[in-house]
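Got chain A sorted already, so can you dock chain B onto it with the hints?
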Amino acid sequence: MKKTSRREFVAAGAGAIALSAAIFKSTQGWLTTVGQYAGYGVERTLHEPMTPPAGAEIDPVSHALNRLTFGPGPGDHARVSAMGVKAFIEEQLAPDAIGDSLCDRATARFGDLWNEPLGEQYDAEPEALPPILRQVTLLRAIYSERQLFEVMCEFWSDHFNIDPTKGDCRWTKPTDDAQVIRTHALGSFREMLRASALSPAMLWYLDGRANVKRKPEEKPNENYARELMELHTLGVHGGYTQQDVMEVARCLTGWTIRARKDDGYAGTLLSPLTDHAAVFFRPDAHDNGAKRVLGHEIPAGLGEKDLDRVIEIVTSHPSTAHFVAHKLCARFIADEPPQSAVDAVASAFSTSKGEIRTMLRALFALPEFAASRGAKFKRPFHFVVSALRATNASTTADRPVFTYLERMGHMPFRWPTPDGYPAAAAHWRATLLWRWNFALALANDRIGGTSIRRAQLQARIGSDTGLMATLLGRQPRAEESDAWLKIGDGLALLLASPAFQRC
Amino acid sequence: MIAETHISENRDDKRTLVVVFLRGAADGLTLVAPLGDDNYHRFRPRLAVKRDDAVKLDGFFGLHANLRALEPAWKDGDLCIVHGAGGESDTRSHFEAQELMEHGGPNSGGWLGRFLRARNPSPNPLSAVALAPTLPEMLSGAPAAAAFESFDDFALGGFSGGKRLPPAFSLHLRRLYELETDALRDAARDTFDALARIGAIDSHAVPDNGASYDERDSFAHGLRQVAQLIKADVGLDAASVDLGGWDSHFTQKTLIEPLMLRLSRGLAAFRQDLGARMATTTVVVMTEFGRRVAENSAFGTDHGRGSAMFVLGGGVKGGRVLSQMSDLAISKWPGLTPELLDGPGDLPVWNNYRDILAPVLTRHGANADALGKIFPDFSLKPLPLFA
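Protein sequence lines correspond, in order, to chains A and B. All residue numbers for the first sequence refer to this note's numbering, where the first residue is 1 and numbers rise by one. All residue numbers for the second sequence refer to this note's numbering, where the first residue is 1 and numbers rise by one.
Bound conformation, chain A alone (with noise of 0.2 angstroms):
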C-alpha cells in the first residue's frame, strides 16, 4: 500500500472530518445513510468454533475477556476456553507478538502521522487532529487483537490526561499518545513517567514549560510539580507537603519547550519552522542551588539530572506503589477493591520497580479478581466499543458513533480536568438513556458508517440462546430470554439491559 504522505494526509483526513460533519447534518432524523460508507469499515474475520458461553453464570473465560478487553466478540469465548485464561493473559501481556493486520487495515487511511517530526504536526489546522486521534483511538479498540494494551492506554490516558484543547496541545497530544502513552502502557511506569515530565502536550498542559527561575525574585509554576505527585504518583493523601511541591517544582525548573511564538520561557527560537515544541533544558532558567524532596536531599548543581532525582524519589516511594495499585485494581476489579488486593498489587510495584506487566500478572491472579465477576459498570467508551465487538459491526468509527459518546459525555480525549475520566460507576450511571438509544440505533442498523450483519451473525452462532450468550458472556436467564421472544428480535433490548451494561 502507498504511504500516505503527512501533508496529503492532514488534508485528506480534515477534508473526511469535514465530510462526515456535513454527511451528518444532512441525516439528523435518520433519512439515509449506510451505504454512502460502504467499502470503508472492516469487519473482523469470524473463526469456528463459534461455541457460545455455556454457564449460567460468567465463567473464568468470561470474566477474563470481560475485564482484559473492551468486550469479546462471536468466538473469542471459544478460542479463550481453547487457549486458556493463564496463556490469554500471558497473551495480552505481550502485545508485539500477535499479529494486528485487522487493526492496522482499519486505522491505515489515518497513515502514519504520529511518528512524523513533532514540529511538523503544526501544519495541521487547530481543528484537525483531535478528531483523528479520537478516531483511530476508537478503531483500535473496537478491532486491535492487542486488546490488553489497548485497555491499558485508555487507563494511562486518563491517569496522565491531557485535554488537546489547552493551548498546543491540540498539535502535541497526538505524539504524547504515541511516545508517552502507547510506548510504555506494558512496559515500566518509571519510564513512561519520566516521558510523561518531558513530553511538549505535558509541558504544555500542566503549565511546566513556564516554570522558570531566571531572576532570584521568579518563583517557579507549582503546577505540574503539585499533580507529579498528586495525580501522577503518590496521591491526595500520599504524604507530601506543599514545600515537597515548591521544591520539586524547583527541581523541575528550566525544562522548556519551543513554542509558536516565543513567549519568553522558551528563549531564542533556534529554527522556529522546523523546532516547533522541541523540549529542551535551559540552565538559566533552572534553579540551581540544593532541595530536598520528601525527606531526600538533592545537592546543588546537578542541574537537567534534579528530574531523574525526583522521578526516582517519587516512584520509590510506598505511596505511588499503593496509589498506581489502588487505580488498577479500581479499573479491574470494583471501584472500591479489596484492601488486601491494592496491597498485593502495591507489593509487586515494589519489588519490580513499577514494571506494569508484573503488577497486572499479579492483580489477575487474585482471587478477589476472580470474585469479582460481572459486577463492574461499564463506561460509556467501554460499553459502546462492546456493544460494536459482541455485534461484530463494522464500522468507519466516524462522527455518527462519537455523537453518542459526546451525548454520554465521554468523548476519547475531551475530559478537561489533569485527573481524567471517573473511574467510578457514580459518575456514569445517568448515561442509561443514551446507551439505551445507542443499543436501539446499532441493533437497526442506524448509525451511519455502521452496520451489523444480523442474520449471518445468528446463522453462524447458531441460534437465538446462542446469540444471547454470546452477548452476555453466559446463558440468558429466563426473564432474559422470555423477553427476547416476546419482542421478536431482541438484539437491542439485551444490548440496553442491565447484564450488558456490566463487565
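Hints in this document: simulated from the structure, not taken from any laboratory. Glycine included, every Cβ here is placed at the ideal spot set by N, Cα and C. Treat the hints with care, since some could be wrong.
To be verified - What follows is a set of in silico ranges between Cβ atoms, one per label pair, in the way DEER data are often shown:
#, chain 1, residue 1, chain 2, residue 2, range
1, A, A108, B, S150, 34 to 44 angstroms
2, A, E217, B, D369, 27 to 37 angstroms
3, A, G303, B, I330, 53 to 63 angstroms
4, A, G55, B, R174, 23 to 33 angstroms
5, B, D369, A, S350, 33 to 43 angstroms
6, B, D369, A, E312, 29 to 39 angstroms
7, B, E215, A, H237, 55 to 65 angstroms
8, A, E312, B, P376, 28 to 38 angstroms
9, B, P376, A, E127, 38 to 48 angstroms
What the hints assert, rightly or not - Straight-line C-alpha distance at most 20 angstroms; calculated EDC-like pairs for lysine to aspartate or glutamate:
#, chain 1, residue 1, chain 2, residue 2
10, B, K50, B, D38
11, A, K486, B, D38
12, B, K373, A, E222
13, B, K381, B, E88
14, B, K373, A, E230
15, A, K219, B, D377
Leaving out everything else, chain B in the frame of chain A:
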C-alpha cells in the same frame, strides 16, 4: 455503598441557573447606554442610542429601545445590570476570549461543569442541558449534561430512529432493570422518570401567565423548552442557551437590533411564563467582550474589552446598573474620557465576570470552598447582586 438519590427525592432545592451567552461580542454600550455621558455621544455620532429613544432606567443609563421588553423586570427590581463587565485577558479574539470565559480562566474544563460537579457528583439524567447541537465549553466536565435542540431527542428511541422501536421494548427493559437490586435499578428508575416527565410535557402547550414566545425564533424556542423543563420538575440545575451574531464590525444597527429584540422578548416571555418559579431561577446574560467605544467608518464597532452582563431572577437586588465600584458598595460611571479608555480605546473591564458569577453560584448552592475550585487562581471579590 453511598446511598443513591432519585429525582423524586433530591429536589429539596429546585433552583435552576440559566446562562445565556451572546456569542460574537455584544456591544454593551448599545444594550445599556450611558445616556448622561456626553462623551458617549461624541464617540458614537451615528451609533449612540439617542436619549429620546431609550428606555430610561435611572436618569443616567438607558436600555436600547429594542430591549423594552425587559423594562417590567427592571421596574420590579428583578434585573441587575453590571457594566464594564468582562475578562482580564486582552486577547480580543472571539475564540480565545470565549474559551477563557467559559473555562473561568486559562484552565481546562468549564466553570459550569465544575459547579455542577461540586453541587451533585451523582446527578440525574436531566440536571444540566444545553439547548444546542453540542455541549458548550462552559459545561465541559459536567457529570451529566445533555445537549439537544428539541425534546424529541430525549426519548427512548429518540435521536436514533424511534420509529423502529419494537413494541413492548420499554416495558421489558423496565422489567429487566427492576430485577436489579442496586444503584443501577435506581438509575434506570430515574431515567424512566425523566422520560415520563419529558414525555408528559406538551411541547405545544400554551405558556403560562399569558406569555408569548416567538415561534420562529430558535432562541425563544430554547428558553421555552427550559421553562417547560423547570415547570415539569425534571431536576434541572443548569441550562445553557446561546444567542449568536453580535460581531458588529459593519452596519451594527442592522445586525444587532433584531438580536436585541429576540433577546429581550425571549427573556420577558420566559420570565412571564415561569411566574412564581422565577423566585428560584436565575438568568445570567454574558458575552466574551465588548466593543470599541468609538464607532468605525463602516457604521460598526471593533473588538473591545468591557461589555454589560445581566442578572435576572429571584432574590436579585435589581433596578441597578453597577459600573466602576468602590469598596464593592458604591458604583460610579467615571465618564468616557480618552485617558480612561483601555488599549485602542475600549471600555475598561471594571467587573470581572467571575465576580458576577460567584454570587450567582453562591445562591445556587456553591460554598466558598467550591467557589475556589470553580474559579481557581483568582482572588474573588463577589459583587453584591443579591438582597
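Hint by hint, here is what the structure shows:
1. The hinted window of 34 to 44 angstroms between A:A108 and B:S150 holds, with their beta carbons roughly 39 angstroms apart.
2. Take A:E217 and B:D369: their Cβ atoms lie about 31 angstroms apart, and the range 27 to 37 angstroms holds.
3. For A:G303 and B:I330, the hinted distance range of 53 to 63 angstroms is satisfied, since their beta carbons lie about 55 angstroms from each other.
4. Range check, A:G55 to B:R174: about 27 angstroms between beta-carbon atoms, so the 23 to 33 angstroms window is met.
5. For the pair B:D369 and A:S350, the supplied restraint of 33 to 43 angstroms holds, since their beta-carbon distance comes to about 35 angstroms.
6. Checked against the given bound of 29 to 39 angstroms, the beta carbons of B:D369 and A:E312, roughly 35 angstroms apart, stay inside it.
7. B:E215 and A:H237 have their C-beta atoms about 56 angstroms apart, which keeps the hinted 55 to 65 angstroms range intact.
8. Separation of A:E312 from B:P376 is about 30 angstroms and conforms to the stated range, judged on CB atoms against 28 to 38 angstroms.
9. For the hinted restraint 38 to 48 angstroms between B:P376 and A:E127, the CB-CB distance of approximately 26 angstroms leaves it violated.
10. For the proposed pair B:K50 and B:D38, the alpha carbon gap of about 11 angstroms is at most 20 angstroms, so the pair holds.
11. Of the pairs offered as hints, the one joining A:K486 and B:D38 is violated, with about 78 angstroms between alpha carbons and a cut-off of 20 angstroms exceeded.
12. Between the alpha carbons of B:K373 and A:E222 the distance comes to roughly 16 angstroms, so the proposed pair stays at or under 20 angstroms and holds.
13. Distance check on the hinted pair: B:K381 and B:E88 sit about 14 angstroms apart at the alpha-carbon level, within 20 angstroms; holds.
14. As the CA atoms of B:K373 and A:E230 are separated by approximately 16 angstroms, the hinted pair is consistent with the 20 angstroms bound.
15. Proposed proximity of A:K219 and B:D377 is supported: the alpha carbons are some 15 angstroms apart, at most 20 angstroms.
When each numbered hint is compared with the structure, violations occur for hints 9 and 11.
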